[in-house]
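**Student:** The residues making up each chain are set out below.
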Amino acid sequence: MAEKEYQRLTWSRRRPGVAITVTRASLWLGKDHLLYVETNRYSFSESYKRFYFRDVQAITICRTSMRTVATIILSVLGALLLLIGFAAQDTGALITFAVLAVVLCLIPLIINLALGPSCKAQIRTAVQTEDLPITRVRTAHKIFARIRPLIAAVQGQLSSEEIPTRMMQLSAAASAPVFPASVAAAPAPLVIDDPNAPPRIV
Amino acid sequence: MNSALLQCPKCRGPLLEGVFNRQDPAPCPNCRTPVQVEVFPAFFRKIDSGPGAEAVMVEGESSCFYHPQKKAIIPCAACGRFLCALCDCELNGQHLCPVCLDTGRTKGKIKGLQNRRTLHGDVALALAFYPLIIPYLTFITAPMALYVAIRHWNSAQSLVRPRTKARCLLAIVVASIQILGWIILILFIFNRRSHG
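If you're matching them up, the sequences are chains S and P in order. Be aware that the first sequence starts at -7, since it is given in the working numbering, and climbs by one per residue. Be aware that the second sequence starts at 31, since it is given in the working numbering, and climbs by one per residue.
Extracted from the complex, chain S is given alone in its bound form (with noise of 0.2 Å):
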């Protein structure tokens, strides 16, 4: 059976960054770059951003308040239903009203607590800084151990000890003035043939 051209790292989610959306998202490891494919159900296409492992400055990963969110609001919800089902006096009503808010509420806040913390990941390349469709700190880890050695099979190592000079030489760098080219040329040779003309330019 022929290897595949691409490995699944996330399974398809909401386009990160947008709160309503058909676009789904999801993130492949390829031989050399990682491919960020969109899927739009409605237009049956696919559009895809490639990102170099030669390319990648920085990875970034940023806590987030989702899960804990989306725990008040279960829980919320799941105590409602089983209120409204208790006030109902009637043994039915209150076994549909426990059943709906273990089945919609419930199952989900412990799925959602299993996750663990959630997360906003960012890849940086020179050109572009794009948000990534991974949601949850333990898969986060899990991809970026998985390409961190193709990344530094390409580019090197670098050590956290190095990053300080590394950034002194960018400052200086960046802040080094900059003249054009016509000034900074040699300026050219000039030749006095009339004292009270100007200067012929040879």
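These are computed hints drawn from the structure, not numbers from a lab. Don't take each hint at face value.
[Said to hold, decoys possible] Derived pair list, reagent style DSSO-like, types lysine-lysine, alpha-carbon separation capped at 27 Å:
#  : chain 1 : residue 1 : chain 2 : residue 2
1  : P       : 139       : S       : 23
2  : S       : -4        : P       : 137
3  : P       : 137       : S       : 134
4  : P       : 139       : S       : -4
5  : P       : 40        : S       : -4
6  : P       : 139       : S       : 41
7  : S       : 23        : P       : 76
8  : P       : 137       : P       : 195
9  : P       : 141       : P       : 195
10 : P       : 195       : P       : 139
11 : S       : -4        : P       : 76
12 : P       : 76        : S       : 41
13 : P       : 40        : S       : 23
14 : S       : 23        : S       : 134
15 : S       : 23        : S       : 41
16 : S       : 134       : S       : -4
17 : P       : 137       : S       : 23
18 : S       : 41        : S       : 134
19 : P       : 137       : S       : 41
20 : S       : 41        : P       : 101
21 : P       : 141       : S       : -4
22 : S       : 23        : S       : -4
Given chain S's structure and the hints, the job is docking chain P onto it.
**Tutor:** For chain P alone, coordinates are given in the frame of chain S:
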């Protein structure tokens, strides 16, 4: 040269090197959100300016097809035109001219440049199945599904999903059954009218 500093994804404030490449998350200096940043050597890499094209110095010397005053250094691997250093677009070891590069991208011949694909199998499947909600629509959509599935039988599908023709095949089968159903219905009505 690398420009902007890294920004916190939440507050967009600058992240200082104190938070880079640490084992554990560190608080953002601005919003105190736990952030984990890993930088790679490419972050410090100077972006070199592209090579300049040399002018043609000797009469009769090969010149670039697009810049006749510039010296040709390499032919295009696709069309054979001579290219100067400016026009030479190297991609995966191949040297192409800008026109061939653009053609390859728009026609999907250069896979590494493809950034969009239409999922014709999904289109055919949708045309075959969705109109079943209102069956009368299948009179129009079934032939459309059949056409799309056959026309794009060999077209490239998703870049990442397995390359099977299962979707097109299923669309052909379902559309064919729908068309057959319509034919039988029309014949039945026609027969009934001619006998009635």
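**Student:** Does each hint fit the structure? Answer for all of them.
**Tutor:** Going through the hints against the structure:
A distance of roughly 19 Å separates the Cα atoms of residue 139 of chain P and residue 23 of chain S; the hinted pair therefore holds under the 27 Å criterion. Using a Cα cut-off of 27 Å, the hinted pair residue -4 of chain S and residue 137 of chain P holds, with the two alpha carbons roughly 24 Å apart. For the hint pairing residue 137 of chain P with residue 134 of chain S, the CA-to-CA distance comes to about 37 Å; that exceeds 27 Å, so the pair is violated. For the given pair, residue 139 of chain P sits about 20 Å from residue -4 of chain S by alpha-carbon distance, which is consistent with the 27 Å threshold.
At roughly 36 Å between alpha-carbon atoms, residue 40 of chain P and residue -4 of chain S are farther apart than 27 Å, so this suggested pair is violated. Our distance criterion of 27 Å between C-alpha atoms is met by residue 139 of chain P and residue 41 of chain S, whose separation comes to about 17 Å. Among the hinted pairs, residue 23 of chain S with residue 76 of chain P is consistent with the structure: their alpha-carbon atoms are about 25 Å apart, no more than 27 Å. For a cut-off of 27 Å, the pair hint linking residue 137 of chain P to residue 195 of chain P stands: about 21 Å separates their Cα positions.
Between residue 141 of chain P and residue 195 of chain P, the direct Cα distance comes to roughly 20 Å. Compliance with the 27 Å bound is thereby established for this hinted pair. A C-alpha spacing of about 21 Å is found between residue 195 of chain P and residue 139 of chain P, which places the hinted pair at or below 27 Å, so the restraint holds. With a C-alpha separation of about 35 Å, the suggested pair residue -4 of chain S and residue 76 of chain P falls outside the 27 Å cut-off, and the hint is violated. Among the hinted pairs, residue 76 of chain P with residue 41 of chain S is consistent with the structure: their alpha-carbon atoms are about 23 Å apart, no more than 27 Å.
Restraint check for residue 40 of chain P and residue 23 of chain S: not satisfied, since their Cα atoms lie roughly 31 Å apart, outside the 27 Å limit. Distance restraint check for residue 23 of chain S and residue 134 of chain S: the Cα-Cα separation of roughly 18 Å lies within the 27 Å cut-off, and the hinted pair is therefore satisfied. Only pairs whose Cα atoms come within 27 Å are accepted, and residue 23 of chain S paired with residue 41 of chain S is accepted, the gap being roughly 15 Å. Restraint check for residue 134 of chain S and residue -4 of chain S: the C-alpha separation of about 20 Å stays at or below 27 Å, so the hint holds.
Taking the CA atoms of residue 137 of chain P and residue 23 of chain S, the gap is about 23 Å. The hint holds against a cut of 27 Å. In summary, the hint linking residue 41 of chain S to residue 134 of chain S is supported, as the alpha carbons are separated by about 21 Å, within the 27 Å threshold. Of the supplied pair hints, the one linking residue 137 of chain P and residue 41 of chain S holds, its CA atoms being roughly 18 Å apart against a limit of 27 Å. Restraint check for residue 41 of chain S and residue 101 of chain P: not satisfied, since their Cα atoms lie roughly 35 Å apart, outside the 27 Å limit.
The straight-line distance between the Cα atoms of residue 141 of chain P and residue -4 of chain S is roughly 15 Å, inside the 27 Å bound, and the hint therefore holds. Of the supplied pair hints, the one linking residue 23 of chain S and residue -4 of chain S holds, its CA atoms being roughly 10 Å apart against a limit of 27 Å.
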